[in-house]
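Chains as they are written, first to last, in this note's numbering: chain E, 653 to 957; chain R, 113 to 536.
Since the hints were derived computationally from the structure, they do not count as laboratory data. Watch out, some of these pointers could steer you wrong.
For each label pair, taking beta carbons as the anchor points, the in silico distance ranges come out as [unchecked claim]: (1) R:Asp285 x E:Leu804: 27 to 35 Å; (2) E:Ile947 x R:Gly249: 52 to 60 Å; (3) E:Leu757 x R:Pro535: 34 to 42 Å.
Derived SDA-like pairs: lysine to any residue, alpha-carbon spacing no greater than 20 Å straight-line [as the list claims (entries may be wrong)]: (4) R:Lys165 x R:Ala504; (5) R:Lys466 x E:Ile809; (6) E:Lys722 x R:Ser529; (7) R:Lys483 x E:Ala862; (8) R:Lys165 x E:Pro812; (9) R:Lys351 x E:Pro812; (10) R:Lys295 x E:Gly796; (11) E:Lys722 x R:Pro535; (12) R:Lys351 x E:Lys722; (13) E:Lys722 x R:Lys165; (14) R:Lys295 x E:Lys722.
We treat Cβ as the ideally placed atom computed from N, Cα and C, and that holds for glycine.
Chain by chain, the residues run as shown.
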Amino acid sequence: MAAETTTTEVRVRSRARHEPWLDRMVLPTLVVMAVVVGYPIVYTIALSVQNYNLLDFRPAAYVGAANYTKLAGDPIFWGSLTNTAVYTFGSVGVSALLGLALALLMENLGGARFRAIRALLLTPWAVPFVVVAFLFRYMYLQNGGVINAVLLSTGIIDAPIPWLNSSTLALPAVMVANIWAMAPFFFLLLSAALSAIPNEVIESARVDRAGTWGMIWHIKLPFLRNPLLISSLLMVISNFNDFAKIWAMTQGGPGYSTSTLVVYVYRLAFERFEFGYASAVGVIWLIMLMVLAWIYMRVLRMESR
Amino acid sequence: MIRFDRRGLRLATISIAALVAGMAGAASAQDKITLTFANWAAAEGTTRPGIEKVIADFEAANPEIDVVSEAISFSEIARQLVLRARSGNPPDVAQIAGNDTTLLAFTGALEPLDGYVKENLAANLKQGADAGLRDDGGLFAFPWNQSPAGFWYNKEIMQKAGLDPNKPPRTIDELTAALAAIKSSQPDVIPLAIDTTNRAFALSSNWPWMKSFGAVPVGEGATGAESAEMKAYLSWMRKIAQAGYIDPGRRIGEFRPLAAQGHVAFIWDQVLLKGVMQGASKMSDDDFYKTWGVTTLPAGAGKPTTFEGGHQLVMFASGKQKEAAWKFIEYLATSPDAIANYTMSVNSSLPSIKATGKADLDAALGTPVFKAFSDEIIPTLAPQPYGPDFAAAATAIMAGVQEAVTGSQPIDDIAASIQLGLPQ
């Protein structure tokens, strides 16, 4: 048996040795990638070491690592980085848990009535992000917002809460909107994964008299682990770049309390026209995204094994 | 030999006639000058019909010129113009306002206009209309219209609060007392509407309030963000926010419909507010003047000032049709038809010239709101520290204002963090 395995490995290695390291058929793809992805990345890195202001028509000056040194001592950058982490991981974590809970609750509910509920639960995912942002922005209004109106009329609060106008409440309030929009994605994905669990496994667990919690913990969750991990990573990358919701709801305020990296880069590049410094922030941001993408690829590879 | 029957002959004649007409049309199109005009007037529902009519009238009066209107939103236009100037593809003429005008001038892409402004036009310009529109190279933008901000007061709400509707607050202390009276008598009313968003326009709008306290955080004669005056301004903003006298986070435009419905007592807004409110409420002029009055900003330790929210017209130096571009600029800013159909009607602003040459238009400038702006408010116009650093200053200062209004951080710390964020 061991000898057979060794022979197969040797064959695979020898085939790999004869394969050209670059297939000509891949060249067109590589050219397109170089133009579409490679050039902007290289240009951004080049800009990040220059003092390049779009308002100044003189040639940009090379400043070495000055933009990066400035970045290290920039409290708004660090604040934005912290907000990005809280917004991203907080939103994804809660959405995943919510999606999981909904998927488990809806798992065995069939019939037309529950199909309609299932469709209703998926609706937020279909709403465009900007619409979600404006919807919640108006719901959160201190004067005239429906959330304050309901809380006031039910006597839960005495005075309207400044949801988006408080530096402590604004970020959680934006995250709630984000979670509302994102949880259906996890619900959809995890529902599909639950239905893919083999019936034999479930039935044998029932024969062994597994309780509800035991079934979820020992049988279902292990099956859901990989889909949950991959979808979470995808959503982390997507939320890291989320601009529309935050910009439409708070523009990064009040103060800098909801400013994320993408909002900060936008302000630097398109309000202050400081392309050099904005590019330096962009490079750091790119590195972090690449790390996340690398983790994602590793997980995918692990799953395929 | 080719033979034509009667039908064929008719077809051939029509074809030749069409060809000749087409060639003549093409020749005439080649003679025509095409001007590109980047503006947000055509991008907004309320002003679009007015600007389209003005452009059509101009084209009718100048058949050799075609104007291609490029609608770009107000918040996008500066970005687009800078990028287009940078890539060598700017329009011939553009509408622009506030700090964006100075930003564009800073790029050096604008055509100096002094050489185009004839003596009689220069003499007809209102005093100070071109203030802030000059640099070392001369006049870089032409004032299309004037739209300064005024302190609007709702007389009915004041009366219900036991205040004299004909005596708007003149000082910050009087204002604070009036806000308290309004809040306690009419809890559903927003006592004071001011823009506390974080954007360059919000700093322009809040700048006179800071000056009212004697604070000058940046620019000429700056005393920094940690001055006693700036702290007094921030403390007052926190006080009125905590008392519920302002509704933080709203853009000024979001207060206008509420003001039109009678839910706002005082609003710091431009002259165009009258048109917007009347458009929303369908209120007649008489009813409007009975309900609303406008005056100068209440003063604290400093003097009352205001900011110019009017629009300017710029011509790009790389344009090929400069004479035609100037003709269009002059038409927009000074022609009685353009003033009647756009400036004073849909745009609800004041012309930048003293006399329009039409008695009915000049008479319309004597109505209460326009008169209050011309006689009382425009004389308090004060320059703002516009320039390439203004946007960075706006981000730092307005973030601090938002923190003061919505947070609990000590005012001293907020002032220090604003100072840290100001361009050095």
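Hints versus structure:
no.: 1; hint: R:Asp285 x E:Leu804: 27 to 35 Å; verdict: 32 Å, holds
no.: 2; hint: E:Ile947 x R:Gly249: 52 to 60 Å; verdict: 55 Å, holds
no.: 3; hint: E:Leu757 x R:Pro535: 34 to 42 Å; verdict: 54 Å, violated
no.: 4; hint: R:Lys165 x R:Ala504; verdict: 38 Å, violated
no.: 5; hint: R:Lys466 x E:Ile809; verdict: 56 Å, violated
no.: 6; hint: E:Lys722 x R:Ser529; verdict: 16 Å, holds
no.: 7; hint: R:Lys483 x E:Ala862; verdict: 84 Å, violated
no.: 8; hint: R:Lys165 x E:Pro812; verdict: 46 Å, violated
no.: 9; hint: R:Lys351 x E:Pro812; verdict: 17 Å, holds
no.: 10; hint: R:Lys295 x E:Gly796; verdict: 16 Å, holds
no.: 11; hint: E:Lys722 x R:Pro535; verdict: 13 Å, holds
no.: 12; hint: R:Lys351 x E:Lys722; verdict: 35 Å, violated
no.: 13; hint: E:Lys722 x R:Lys165; verdict: 51 Å, violated
no.: 14; hint: R:Lys295 x E:Lys722; verdict: 46 Å, violated
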